[in-house]
Amino acid sequence: MLLNASGCLDALTAPELVRLLDGFVTKTITPEPREGNPPVRIAETDAGMLNSIGLANPGRNCFLAETLPRLRELGVPLWVSVGGFSASDYAETCAALERVEAIELNLSCPNVDVAPESAAAIVSACRAATSLPLYAKLSPSTWDIAETARALEAAGADGLSLVNTLRGLALDERTLLPRLGRGTGGYSGPALKPVALAAVYACAAAVGIPIVGMGGVQSGLDALELIAAGASAVALGTILFSDPTAPTRIRSELAAEAAARDLGHPLDARGAAHSSLQIGVSHSGNGLRKRLETGPKVTA
Amino acid sequence: MRRERRRLTAAEQVGPYTLLQVERGGLDPGIPGQFFMLEAPGRVLPRPMSVCRATPRELEFLIDPIGPGTRALCDLGPGDELHVLGPLGKGFDLAVERPLLVAGGIGIAPMPYLSQRLGGPPAILGFRTEWHAEAATLVPNAEVCIEPTYVTELLPRGQPDVLACGPEPMLAALRGLVPSAQLAWEAPMACGYGACYGCAVEIDGELKRLCVEGPVLRAA
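So the sequence lines, in the order shown, correspond to chains A and B.
Position one of the first sequence corresponds to residue 1 (my numbering), numbered consecutively onward.
Position one of the second sequence corresponds to residue 1001 (my numbering), numbered consecutively onward.
Treat the hints with caution; some may be incorrect.
Claimed, not checked - Here are the computed distance ranges between Cβ atoms for each label pair:
id: 1; chain 1: B; residue 1: Thr1137; chain 2: A; residue 2: Arg174; range: 26 to 36 Å
id: 2; chain 1: A; residue 1: Arg167; chain 2: B; residue 2: Asn1141; range: 47 to 57 Å
id: 3; chain 1: A; residue 1: Pro33; chain 2: B; residue 2: Gln1159; range: 32 to 42 Å
As the list claims (entries may be wrong) - Covered stretches of chain A, going by a simulated chain B footprint (3 or more residues, C-beta under 8 Å):
id: 4; region: 29-41
id: 5; region: 134-147
Stated by the list, open to error - Residues from chain B shown here face chain A by an in silico Cβ test under 8 Å; the list is partial:
id: 6; residue: Pro1046
id: 7; residue: Trp1131
id: 8; residue: Trp1185
id: 9; residue: Tyr1193
id: 10; residue: Leu1217
What the hints contain is simulated information worked out from the structure, not anything from laboratory work.
For glycine and all other residues, C-beta sits at the position ideal for the given N, C-alpha and C.
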């Protein structure tokens, strides 16, 4: 299953691209409208990019009254990303949502001040407010991400979205001043992939709830690696900026990568990284199957 | 909006700038002031470039090598291939009676195509040095000034329809002098098609996505 990472696609500006995905994740919605952070908001670095958009969005009421009805017309399963500055901010938006595929709780935007409550307290408040599937989106800089994942599972999360961007800084080569208007920003792109893999790998071993893996995916092999680490869905972020046709390409590459390993479906590779057996691309696929059978339990 | 892989037919030096000539194929050059996202080899993000000239066989882009992305583009040679996406954004409104093109520095990039589409109207071009001013040969009917003379000092009396592109201080000065002017702005962009909200610029207290609502905006 291919999704977009929240904030990396505007469904109403590019509806034809949204239809290439299995679901559309909205930009994060906060209770009040937000203009977002001052320019400059984008800085490319050698192995990724920094963004400082700052949760620009029309606010909960406008989203529910105007944006959501238009998104429904696209006919794509909708995931609504919910943000806030307190647990009640999150819970009130969750309570107002209905008839969507899932809610993704953005617990980790690096570009705004964070809520004072713990992630588990926010998930608990939202659990009490909605029966919709709740996915918690975490930062890879969470101190012990597996421990946090266990706490969120216990608090009622139905899944995890791993990972958000990492906080980073880029300086202008001439002035040595920050290139972004707000100073720091969220670091994404190819450099994030090993970080995302590590987070998915750690959480898949710690919890039984499904994981949407994201971070630096540029190819079908990248997507397969996240699945092997334990993800059951993959989201695309920065790659959509450089290649809007990426979903189609990555989907076909992913199918080819699975076929090259004699897997009937890419998700048959789920959890493969958790085995200590060594195999590479196998024409028979026996090695991988054995590995999947003998690996640690990673349940859906 | 189409993304296609295209071959470079030539890369020509024009003063400090490089004029990349890309096979046009079935690509629509769009309206002057619209832009394409050009894949910058080895970089994470493509770079937005306005169409400098459009011939039946080629699209041409004038590039100033000021950073890693633009340097990677200027290092390309004939036969190299790159992905191009476009045309994107909103270009100049060509329904003008007395057009006057005004450009500063690399802001000259969209002017040759704009001049062609408007039948060679008068132009005022400003540059930092004589070397940069070599690019003025791309625009017919042009008056050229070199710093410390600025284009705003050469504006004629009367009410010409100003179509301008250049550095922010130049555009800001023109806004004050010619409220009807059409100004092509610039901002760092990740996607070019409205996805990232990265190119938002504050104009009169309002944030606008330059890639969708611009890059050409009315001064007032």
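Results for each hint:
A C-beta distance of roughly 29 Å is found between Thr1137(B) and Arg174(A), which places it inside the suggested range of 26 to 36 Å. The hint said 47 to 57 Å for the Cβ distance between Arg167(A) and Asn1141(B), and at roughly 51 Å that hint holds. Between Pro33(A) and Gln1159(B) the beta carbon distance is about 39 Å. The supplied range of 32 to 42 Å therefore holds. Here's how the region 29-41 of chain A fares: 6 of its residues keep a CB closer than 8 Å to some CB of chain B, so the rule of at least three is met and the hint holds.
Here's how the region 134-147 of chain A fares: 0 of its residues keep a CB closer than 8 Å to some CB of chain B, so the rule of at least three is not met and the hint is violated. With a cut of 8 Å, the hint placing Pro1046(B) at the interface with chain A holds, because the nearest CB-to-CB distance is about 5 Å. Hint status for Trp1131(B): violated, given a least beta-carbon distance of 20 Å to chain A, over 8 Å. For Trp1185(B), the interface hint is violated, the least distance from its beta-carbon to any beta-carbon of chain A being 11 Å, above 8 Å.
Taken as an interface hint, Tyr1193(B) checks out: its beta carbon lies about 6 Å from the nearest beta carbon of chain A, inside 8 Å. Annotation: interface hint on Leu1217(B) violated; nearest CB of chain A at approximately 14 Å, more than 8 Å.
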